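*Asks:* Chains as they are written, first to last, in my numbering: chain A, 1 to 497; chain B, 498 to 994; chain C, 995 to 1491; chain D, 1492 to 1988.
Any given hint could be a false lead.
For each label pair, taking beta carbons as the anchor points, the in silico distance ranges come out as [to be verified]: (1) Ser753(B) <-> Asn68(A): 41 to 49 Å; (2) Ser1689(D) <-> Asp1075(C): 57 to 65 Å; (3) Ser695(B) <-> Glu391(A): 51 to 59 Å; (4) Gly1949(D) <-> Glu391(A): 26 to 34 Å; (5) Gly867(B) <-> Pro1324(C): 23 to 31 Å; (6) Ile668(B) <-> Asn68(A): 37 to 45 Å; (7) Glu1418(C) <-> Asp1572(D): 54 to 62 Å; (8) Glu1418(C) <-> Ala1616(D): 51 to 59 Å; (9) Ser1741(D) <-> Arg1144(C): 24 to 32 Å; (10) Ala1482(C) <-> Ser1689(D): 26 to 34 Å.
Treat the hints as calculated values from the structure; they're not laboratory data. It should be emphasised that the depicted structure is a prediction, and the values quoted were computed from it without experimental measurement. Think of the CB as a built atom: it goes at the ideal place given N, C-alpha and C, for glycine as much as any other residue.
There are 4 protein chains.
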Amino acid sequence: MTGDAHTPDRRLPSHPFDPDDDKLREECGVYGVFGAPDAASFVALGLHALQHRGQEAAGVAAHEGEPNGFNIVRRLGHVRDSFTTAEVIKALPGRLALGHVRYSTAGAKGATAIRDVQPLYAEFAQGGFAIAHNGNIVNADALRAELIERGSIFQSSSDTECIVHLMARSIQRSAAERMKDALRRVEGAYSIIAMTRSKMIGVRDPLGVRPLVLGRAGDAWILSSESCALDIVGAEFVRDVAPGEMVIISDDGVESQFPFQPSKPRFCVFEYVYFSRPDSVIGGLSVYETRRRIGVELAREAPVEADLICPVPDSGTPAAIGYSQESGVPYAMGIIRNQYVGRTFIEPSEQIRNMGVRLKLNVNRAVVAGKRVVLVDDSVVRGTTSRKIKEMVLDAGAAEVHLRIASPPTTWPCFYGVDTPDKEKLLAATMSEEEMRDHLGVDSLRFVSLDGLYRACGVAEGRDDRAPQFCDACFSGDYPVAPSDRIAQGRLKLAAE
Amino acid sequence: MTGDAHTPDRRLPSHPFDPDDDKLREECGVYGVFGAPDAASFVALGLHALQHRGQEAAGVAAHEGEPNGFNIVRRLGHVRDSFTTAEVIKALPGRLALGHVRYSTAGAKGATAIRDVQPLYAEFAQGGFAIAHNGNIVNADALRAELIERGSIFQSSSDTECIVHLMARSIQRSAAERMKDALRRVEGAYSIIAMTRSKMIGVRDPLGVRPLVLGRAGDAWILSSESCALDIVGAEFVRDVAPGEMVIISDDGVESQFPFQPSKPRFCVFEYVYFSRPDSVIGGLSVYETRRRIGVELAREAPVEADLICPVPDSGTPAAIGYSQESGVPYAMGIIRNQYVGRTFIEPSEQIRNMGVRLKLNVNRAVVAGKRVVLVDDSVVRGTTSRKIKEMVLDAGAAEVHLRIASPPTTWPCFYGVDTPDKEKLLAATMSEEEMRDHLGVDSLRFVSLDGLYRACGVAEGRDDRAPQFCDACFSGDYPVAPSDRIAQGRLKLAAE
Amino acid sequence: MTGDAHTPDRRLPSHPFDPDDDKLREECGVYGVFGAPDAASFVALGLHALQHRGQEAAGVAAHEGEPNGFNIVRRLGHVRDSFTTAEVIKALPGRLALGHVRYSTAGAKGATAIRDVQPLYAEFAQGGFAIAHNGNIVNADALRAELIERGSIFQSSSDTECIVHLMARSIQRSAAERMKDALRRVEGAYSIIAMTRSKMIGVRDPLGVRPLVLGRAGDAWILSSESCALDIVGAEFVRDVAPGEMVIISDDGVESQFPFQPSKPRFCVFEYVYFSRPDSVIGGLSVYETRRRIGVELAREAPVEADLICPVPDSGTPAAIGYSQESGVPYAMGIIRNQYVGRTFIEPSEQIRNMGVRLKLNVNRAVVAGKRVVLVDDSVVRGTTSRKIKEMVLDAGAAEVHLRIASPPTTWPCFYGVDTPDKEKLLAATMSEEEMRDHLGVDSLRFVSLDGLYRACGVAEGRDDRAPQFCDACFSGDYPVAPSDRIAQGRLKLAAE
Amino acid sequence: MTGDAHTPDRRLPSHPFDPDDDKLREECGVYGVFGAPDAASFVALGLHALQHRGQEAAGVAAHEGEPNGFNIVRRLGHVRDSFTTAEVIKALPGRLALGHVRYSTAGAKGATAIRDVQPLYAEFAQGGFAIAHNGNIVNADALRAELIERGSIFQSSSDTECIVHLMARSIQRSAAERMKDALRRVEGAYSIIAMTRSKMIGVRDPLGVRPLVLGRAGDAWILSSESCALDIVGAEFVRDVAPGEMVIISDDGVESQFPFQPSKPRFCVFEYVYFSRPDSVIGGLSVYETRRRIGVELAREAPVEADLICPVPDSGTPAAIGYSQESGVPYAMGIIRNQYVGRTFIEPSEQIRNMGVRLKLNVNRAVVAGKRVVLVDDSVVRGTTSRKIKEMVLDAGAAEVHLRIASPPTTWPCFYGVDTPDKEKLLAATMSEEEMRDHLGVDSLRFVSLDGLYRACGVAEGRDDRAPQFCDACFSGDYPVAPSDRIAQGRLKLAAE
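Using the sequences provided together with the hints, build the complete structure.
*Replies:* This is the structure:
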């Protein structure tokens, strides 16, 4: 309906073959620091460690005490480009700070408007308030329409702004109580960090779909999407914030509340498959080790005669190591990733394009030539990447190419804060495993089973179909929270129907 | 209380002697175009012609029809730097557009936050709405506190946002009716241009303190702060919008309404003295000719034996011409202004500073040496410039320096959209004419009388003290609208008290 | 032949009607400071005052003592944008500095390559050497071909680089002696400032075509193209450097030498007409006063019945004042110049263009309507501006428009450091005065005579045709130095032939 | 002596612990394309693939045919940031283009001046000439002094400029013959690509110290430092350019000449150890496979009881794989590299620093805790990184840390185009293996032997000490070309002495 083009960018054509385009994308990471001098410099480091959760934009809010109060800087682009100067950190003084990295789910697609970059800020009668959110509110459209009708003026297209307007209209006095009022109206997945001038609040939705951890660095408390962002500042991991828990951090310490109806947790299993960093520990499990174990399960379920196990870098690496270890077939770097990444590059001329430009990945020709190669990747979304990589490996002279996928077939979109193509664009939603094998042109194709995935995640007995231990809707269509806006728009027909 | 530092700039030290620092500053200009293809390119040109009314920032909103609706670009800096590329105009398609140049009165002082740059935009239940405002709302603080208490979330520190929130809560359906509801709660001076997807609205406050004119360019209608911005696009001047009038422009033409209680008009007399451009015509008077006539009045009231009449460029030029013509003393360019202006320059070393750097003005030494010189300037605010210029002219060898001011002594601050120093900083508020003469170190000093000024403005009988024909509060302390926020804060004691 | 596009700029379409495009352009200004701490900050100020002599680029070289030696910064754009930060001045420490502003004559036309921006720098066996040049070498092509043949490698397309290579091959040891060797091979016009680590050298060609003055600021010596750039730093004017003089400034003071065959001086008369700033004094004459006197001569030679004398701002202003004073017809600002200049602006749509956009100049409609107007301008080059302005004044309702030009008809190109159109583009080279009047569509057109111009320049008896006191080749075709490259290329047929 | 600060950057403090700082650095890569439309876009892609050979700056020269000839763009920073827009490629039209990425060896250290960025360009009497160079000229200082004495003016501090000035003074007519004249005066290591308007020349020094390969893409010929940069554009590998060979590419095809005295080749063995990309094939050997075999040799020479083999990413990875395969100890990603690299980051506060910030590397705590870990790295230079990583691994709870290095101890600086610390900064030059083990604080430390390295490079019988097959001066002090400038300066005492 509207767009506030503060910085109307010339859009560069992205390259036709970018292997990273064919992934599900986590769209946010959040990070908060309470009680450290120059809290914003901690936050900048933490966001850098969470950069894989959102590369389009980043923002930091800090409170410098009265009378100046809150300062907020929001920028498009990477943390290393936007938040690395002394100037920007000097513009964000104070002991309390929180930040956000963002891809883009709800909100204007395509060109991220700077106004949609979080943290959001609002001034209530009781004082200022900043908030950052990882997840997605599935009834945001309905809430927005209701609020506008009553005179609220929205400044962004972010679903998070609903929470702020609901809080503004609450008759409670404290920010924490106003937030509870607001969240009781909200459906969906969320891990939120918020702050007033004297308190920092962390909260996870009742199912705990998205991660949130608590850390400690000297006297300071830290909230972070993942534990790897505690390591970067040398902080100590304390514990996961529990599903449905609200922690309220003040100079008196950390207070824990459980404001919602208790539910059985349903943590997102795809965080283990791809989203989280391998050096994070979530829900007591090492992400790296879990991925390696998926490779082990895969080798057991789908062995193959071959000469080499090669990961599709970097996401397939831990599972490939596991597969190699379980199968005894040697592991090799058959595909090399250019470390000087860069998504935008000149559109190549027809001539170059036809020759097949390889900006990010190159096959290690001398390694794969004449070999029977097993490629291990984390997932197949549209299949465009897999097909292209297979061609590159064959062009380099491989004798056979077998594809092993460290997750079950992705057949359903996610509505809980992940950017997924529509169902009809998901390869596995439209083809059987055999059809996919033929479509991709590989000698064999196998996915790990849902039970195998659960076993790698530490559930020895596999998935409990009546009460699944994780959210695996992208594989099963079993949505733990009904995506009500989508259903209202007639844009989704659920599996059950 | 808070600041949203989207672009925290390193502030450069401005030069210690900038003659333009010692001026009252008009803080805004507005411009709207209805019914031209590429309306935004007209608006960019119009804002360039209104640049003297605000140099800190500019913004343009345009409506490109459904489904994309409104686009807005706001930038710090000059129009010629921000709105001159094909890219920015391409980002603002459509037949309706409005724009704003801004100095800064209400809102965060100093570093203009981009969020305070107008036009403001809001989405109401009935559709989008953009607004730009020249003037100042004197009860904005009280309105803001009331609105926040009721759950409105403010995004800027601009007083204009009060109007938007009042409109959002109106139960009227059309934007024009909502605006009337809102403006009836508002006290102060305003010339506003607003637009919906199909209408453009122009309105002046009941006293008509700030200017607003209507023009025509082919089939298109134009609203502008001044007529010089009609000339730049080759448009035709139609008429002034009347004090208290609301014009509603649609594809059906221009509708005129008078929604307020009728009042006797009180147009700002300082627009004639300094703010407006000399090639504008306001209220039927040529600004240039009015200034020349002030010089004529001044020559009659305050003659002096001299060799040369020299303007302080550029604002003193028309009055100096008039003074020369009436007195018969030759006119000469005794002071030269560097056309390559630039406010920011390196802080000179102690050595250079002591020698007296002259970035903007230079005395034409060969012209003034040995002469009795009459300097004509438009006004004296703090007196810092006058004193410095006098020294420069004496250093260059002038025999005598007489100062003639083309306005009465400035003794009161303005609350209607002009940036004025506090009363105690105004030289004329603290000294008699003789004291000022001694303080400035000139051989004689004279101001035009208030009656002389009124005569130059076409009121042959001079000021009617019981019902003054203009707003002249800065000279008289006679405020036509009580500045209620200031009084509530105890920060102003009125003349009458 | 080649271009080193360090910064290949997107060229913005300049506006179709820019009155400043129809001028001859001085192409350089030079400024040097010997013996001041932070000499570069003086130079930045001096170049700002000389900005009218070249707006495309600026450069500053400074020597900070051993071991670091010379630092040089060269930038495209205005001094106020490029040399105003503490950072850039900090990058240029030292007591000796020199600078240059440039338009572009010799060297790549159009997009100024940064490598053509002066000062040039070279390392000789005896040490480093920086040089900046105002003027033009007319045998540069021949010298360049000879030097390349002998193994010199040119880095720029600047004619000044010939001097540097000639110096590199000199067998003299001191920079001053090498420079004399080089300049004896050079033909043309030049005012040069050069420096070694311990000396600053200023030199004017034997005819003294371009200006160069010597000033004093405390203990420091200053060399500058014009005296107005001494005023800006509060320095004292000492004297003109004489035609054919070389001054060598060291810690021992100023040494004067005359290395060339003596000639009768031929200072460029167009410096008085247009190039120099009105507040400069050159050759003992005030530029402002000279221009005013041209107006007086013009009023005597070409009077007319009229109501108003209006300058074409800003260059016609002093002559218009003189004309008004001599004729007794009132002076008025009939045309207003927008002080927020900016050459680049969006290409207006067809619709706007047809209405006649007025970015820089606007007619003061209320002043000229119904009046017989005399427009006074400094010169006519192509005539495009004069024609356009005449139309604007008539559109605004003037009864008659008379044009008076404060210089003789411009009929020949300049080869001494001024950017002139080819002869066939010069209006006066192809038409008689009557034809020009008809072409421009004015009621009358008159130029000041060559003798009148000489009288205004203080030569009471007018021009001595056998030994003219000035270089007036652009009016007379009488070239004091034969432009040998041009003749060799067959691109010029001299008047005498 | 001098610096031409075109873009004087504020230098950001780099982070105190950057593992990439403790590496030898290859300083250049070169790439040329003959006979493809838009050759510059190929070159941009090729340079992106060679980015690991130089990250400070890049340049591209292209010839667009007469009359415009050569265009050159040189920029600081990464290829992906500087050469990815359509605009920059449009500024470089033509069928011939060559490019260069640069770290910095000879030339101004620290802030790379843009004038030192290659390709260099010169205009000879016979036409334009561009050149790019990987390597280092060891008698450049002597040559430069001689050339300046004879009147050559140097524009850069690059050693490559000596070649250009020697060519300018050659009496030969063709560029290839001039180049032979010049190279016969030059001592050192070089792989050069040069071009005239119609020819492209590639040449390797007689010992072939630096790599250079020839490829084919359709009708176009390509010269590249490494074969991985052929793959990126889909080009075919043809062959290595031979040591001492000059290839001259024209529309008639590729002509091969051997202008130098024949020598036994001495290719740089460190290209296999670290400099080249693992997916390149040089001298018939796969770089990846060679590194893996070094790991195998290392496992044989220096086995250890352990639980895990962990690479120091990314340079230690192939050797770690080989070590694991030979030893049977499982391979694991015990250290994770943040893919969002960024060398510059805010200087952390004292508090954060003390906690140990980990911008680039993080230990995978869950993987190494309680384990006996073998870390495999490619080399030890100063040892700062190894020490820091060992601490991180122990902090994460490892039981033992053993360090295995996939190259012999680095004890001598390189003078052939590699940035090496002075000898006394090289850890292995000052300590025995035991002392190093204690200094680094590891449980054991072992380097591969020189013979082991040669075996991995395919020399089954190991190094031939009388006629070594590679240049291994950094390990042996056996310099195949005497570094004459260094010896003249008394800054190097050779091993033999």
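*Asks:* Confirm or reject each hint.
*Replies:* Evaluated hints:
Checked against the hint of 41 to 49 Å, the pair Ser753(B) and Asn68(A) passes, with Cβ atoms roughly 46 Å apart. Range check, Ser1689(D) to Asp1075(C): Cβ separation about 42 Å, and the 57 to 65 Å hint is violated. Take Ser695(B) and Glu391(A): their Cβ atoms lie about 54 Å apart, and the range 51 to 59 Å holds. Checked against the hint of 26 to 34 Å, the pair Gly1949(D) and Glu391(A) passes, with Cβ atoms roughly 31 Å apart.
Between Gly867(B) and Pro1324(C) the CB atoms are about 27 Å apart, so this pair conforms to the stated range of 23 to 31 Å. At about 38 Å, the beta-carbon gap between Ile668(B) and Asn68(A) stays in the expected band of 37 to 45 Å. In this structure, Glu1418(C) and Asp1572(D) break the distance hint of 54 to 62 Å, their C-beta atoms being roughly 47 Å apart. The given range of 51 to 59 Å is broken by Glu1418(C) and Ala1616(D), whose C-beta atoms sit roughly 34 Å from each other.
In this structure, Ser1741(D) and Arg1144(C) meet the distance hint of 24 to 32 Å, their C-beta atoms being roughly 28 Å apart. Between Ala1482(C) and Ser1689(D) the beta carbons are some 28 Å apart, a value that agrees with the proposed interval 26 to 34 Å.
Consistency note: the structure conflicts with the earlier hints numbered 2, 7 and 8.
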